[in-house]
Structure formats: C-alpha cells, structure tokens
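Student: Here the protein sequences come in this chain order: A and B. If you read the first sequence in my numbering, its first letter stands for residue 1, the second for the next number, and so on. If you read the second sequence in my numbering, its first letter stands for residue 1001, the second for the next number, and so on.
It cannot be assumed that every hint is accurate.
Just so you have them, the derived chain B footprint on chain A, three or more residues with Cβ under 8 Å [what the hints assert, rightly or not]:
(1) 75-85
(2) 112-119
(3) 257-270
For lysine to aspartate or glutamate, the following DMTMM-like pairs were computed, each having C-alpha atoms within a straight-line distance of at most 20 Å [stated by the list, open to error]:
(4) K1141(B) <-> D210(A)
(5) K205(A) <-> D191(A)
(6) K1050(B) <-> D1097(B)
(7) K247(A) <-> D270(A)
(8) K1141(B) <-> E168(A)
(9) K1116(B) <-> D1162(B)
Hints were generated in silico from the structure; no laboratory data involved. Note that the Cβ used here is the ideal one computed from N, Cα and C, for glycine as well.
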Amino acid sequence: MRNLLNFLIRYSTWFVFAIYVLLSCILLTQRDDYHASVMFSSANAVSGSVFRSASTVTGYFNLLSINRRLQESNASLENEILNLRNQLAEYKAIVSDTVDVRSERRFDYVLASVVNNSTRHPKNYITLNRGTEDGIQPGMGVVDQSGIVGIVNVAGPHTSRVISVLNETQHFSVKLKDTPYVGSLHWKGMDPNVAYMEEVPRHAKYNIGDTVVTSGFSTTFPYGINVGTVMNRVKLSDDNFYVLKVKLSSDFKALSTVRVIKDIYKAELDSLTKFDIITD
Amino acid sequence: MNKNSIILIVLFPVLVLLQVLIFNHIILFNFAVPFIFIYFIIRLPIGLNKNILFTLSFLLGFIVDIFSDTPGVNSLSSLILSAVKTPIFYAYVPRDDKTKFIVPTIESLGWQNYSKYLLTMSAVFCFCCFSIEFFSYASIKNIALLTLGSTIITFCLLYGVDCLLPSGKSAYSS
Chain A
1 MRNLLNFLIR YSTWFVFAIY VLLSCILLTQ RDDYHASVMF SSANAVSGSV
51 FRSASTVTGY FNLLSINRRL QESNASLENE ILNLRNQLAE YKAIVSDTVD
101 VRSERRFDYV LASVVNNSTR HPKNYITLNR GTEDGIQPGM GVVDQSGIVG
151 IVNVAGPHTS RVISVLNETQ HFSVKLKDTP YVGSLHWKGM DPNVAYMEEV
201 PRHAKYNIGD TVVTSGFSTT FPYGINVGTV MNRVKLSDDN FYVLKVKLSS
251 DFKALSTVRV IKDIYKAELD SLTKFDIITD
Chain B
1001 MNKNSIILIV LFPVLVLLQV LIFNHIILFN FAVPFIFIYF IIRLPIGLNK
1051 NILFTLSFLL GFIVDIFSDT PGVNSLSSLI LSAVKTPIFY AYVPRDDKTK
1101 FIVPTIESLG WQNYSKYLLT MSAVFCFCCF SIEFFSYASI KNIALLTLGS
1151 TIITFCLLYG VDCLLPSGKS AYSS
C-alpha cells in the first residue's frame, strides 16, 4: 500500500495531466449531448447572466446598419401589404361571398436579443436572452429581419442556445422561390456570408440572383422565409445534382434582435410522426 | 503574497472576460483570431509546481470553453501549452539558478529571448486550438491559415500586454 502511495505521489504530475486530458476529451466528444450542453454551454445560468449584462452595452453596436435594414424591410412589407390589399379588393369585387375562410394564425413569434454570437468556429452557436420561461423550446426556428438564423438547441430558463446556420453539422431544407426545386442548405466554414444549396435536381432551372427561401417542410420554419440569393453553380463530380453557392441574406456578424418561431401545430404534427414510427 | 501572485490573481478573471466578451468577436481578414487569455499561462513562473500549472491551465481553458461553446477545445489546448511551456522556455534561455523560478516577462528575459518564447508559445496554442477544433485533414489549409494569422495577432497583442503590466522580475530573480 505504501509503495502504491509512493508511486502515485511520485508520478502525480503524470496522473494529473492524464486526468485533465481525459476530461478534455470527454468534453470534446460529448459536445452534442443535450445534458452536457445544458451545463457546459453559453446557455447556463452563470455565462448567460454575464452575456446578458455585457449586452446592455454591446446591444447598441451596429444600430445604424440594423436600422437601415429594418427600414428596407419595412418598405418592402408596406409595398406587399398595398399589393395584397389591391388584390383582395379585386377578388372581393368578383366574389361577393367567401365561404368560411380560415384566418387562423399557425406561427407565433417571440422577440429575443442576441447576447453572444460567433462566426469563426466550424460549429457556431448564438446565445439568446430568452428561455423556457418565455415559451422557447429546443427545435424552434430563429429568424431576423433579413432571413433565417438558426434552430434553438438548448433552452435554459432565461437563456437559450441556437445552432447557427453557420454550423457545419446543420442542414436546412430550402427551395428556389416560386419553383418546386428543393435542396439542402449547408455551410462549409470560413466565409460567414456564403453557404451552399446541395442536392438540387439536375433538371432544375435557375438564374444568378434567384432567391432561396425555406421550404416549409418542417415545423421549424414556415414556407417562404428568405435565406439568400444564388451566386453561382459549383462544379461537382456527381452529375445527378447541382450545388449552388448562396449568398446568405442575414448578416451574421451584426445580429441583434431576432424572432423565435413557435409553431402552434407542432405538438399535433409531432404526434403524427410518432404514430408513423409505431405502425412501422 | 508577492507582487506577481497578485498580478496573476487579477489577470485570471480579467483575461477570461476580455477574451469571451471582446476578443472572441474579433476576426481580422477572416483568419486572425486573438487569444489574449493564454497570457496567464505564459506569465506563470517557471518552476511552478506542475500539478498547479496543469490545474490552472485546464480551468482557464475550461471557463473560456463554456463561454465560447467550444467544450474541450481550449481546455485541451491550454493543457498542452502548459505541458510544453518549460521545454520551450529552456530552448531559448540557459538553464541555471537565475532562471529556475523566473517570471517570463520582457524585462526579466530581454526582448529578444522573450519574443522567441512568446512567438513559439502563441504558435503552439493556435496550432493546437485550430487542429482540435477542425480535426480533419481536409481542413489543413484552413488550419494553416488560421494558425499563421492568429499567431501573429496574438503575439503582437500579448507583447503589448506585457509592456503595459508591471514586471515580475523583482519577485523571483536575484
């Protein structure tokens, strides 16, 4: 026993080093584990409160560019409302009585501020100042005034962590606007303004500058949210599919206020999916 | 408690906060990231008990990891940096009684030796950090670019920090 103790004391440095290396490796391999994320991520209570305090100062940065983008978005929305009103007036003139048009809203939004954000890692995350107490749950989509931002991954009581579009592990279902062609949006690192739309069918027709929007195939994002615009086609050895280079519409380096999307039908749709699995 | 210990106690939280609140958001030309928090490991006295050195380095990296959402990356890189700190130091400075418990600063080592020590330490940390984070041969170009850019910016930043802080020479060297 004494020999063992002597041995341990003599080589304690090596043991300490080995233990810390082991701990680091466990942290590295468990990074996608939800329970580990709750404790060891920017959404935990301590780091969340530090980021929230700091954002009371940093929240004022980039206000000029954000304001300009909001004004642009406001102008285009006002235009759209005007067009829709005109269309509605025309239709009402043709059909005087409409039968039970359901005007129920499917998606609800929670406003949140970005308190921490990164764009330089291969796996980037965003921290928001809203959590489960504000109705945020993992799996909800996050958008800003320009386009999609990410998906909520961990939700604490007052803060939540979002997997950014700028995360190599994440794919988003997107389509070319006003066409039936669907693809998968994937960010490949380095440039925070550029992502790739993969698995676009070979027969799909597109033009440079075409808008890419969300496909609406999941409960995370409704159809038609801006993602970006087509820059060019990337050459691939696989001839069956295109890969399109997409300029992302959101400025990830200047994220400030975002909206978290709540799908009111989510529980219903999820229960249907579970039923499918059981019958298999 | 000597002057250098007080400086180190203050530096630990200050460097962590500076890193996570400011320097984590700075990326120059898309491939230069400044790592200010490793100054704490660089400034720890040579000859410090290895167990304490490893524990402090791991804790430092671990806290930065939690705030940066990069679990394990900075912890492991800081740990490797602390393990190679003494060999790197003695690669540039002669091993004798004078340097046994020295605090590495510009004043105690001279700007030439300190620059070599600081540059090697910055390069080792940046290489470890990006290699662990990307962890694929496909990203070797990115790793090389990021390591080069970040080493230069980290070196300049840490050299400036060392000039600003009071020297720890009086505490250890004779």
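Student: So which hints don't hold here, by number, going up?
Tutor: 1, 3, 4, 5 and 7
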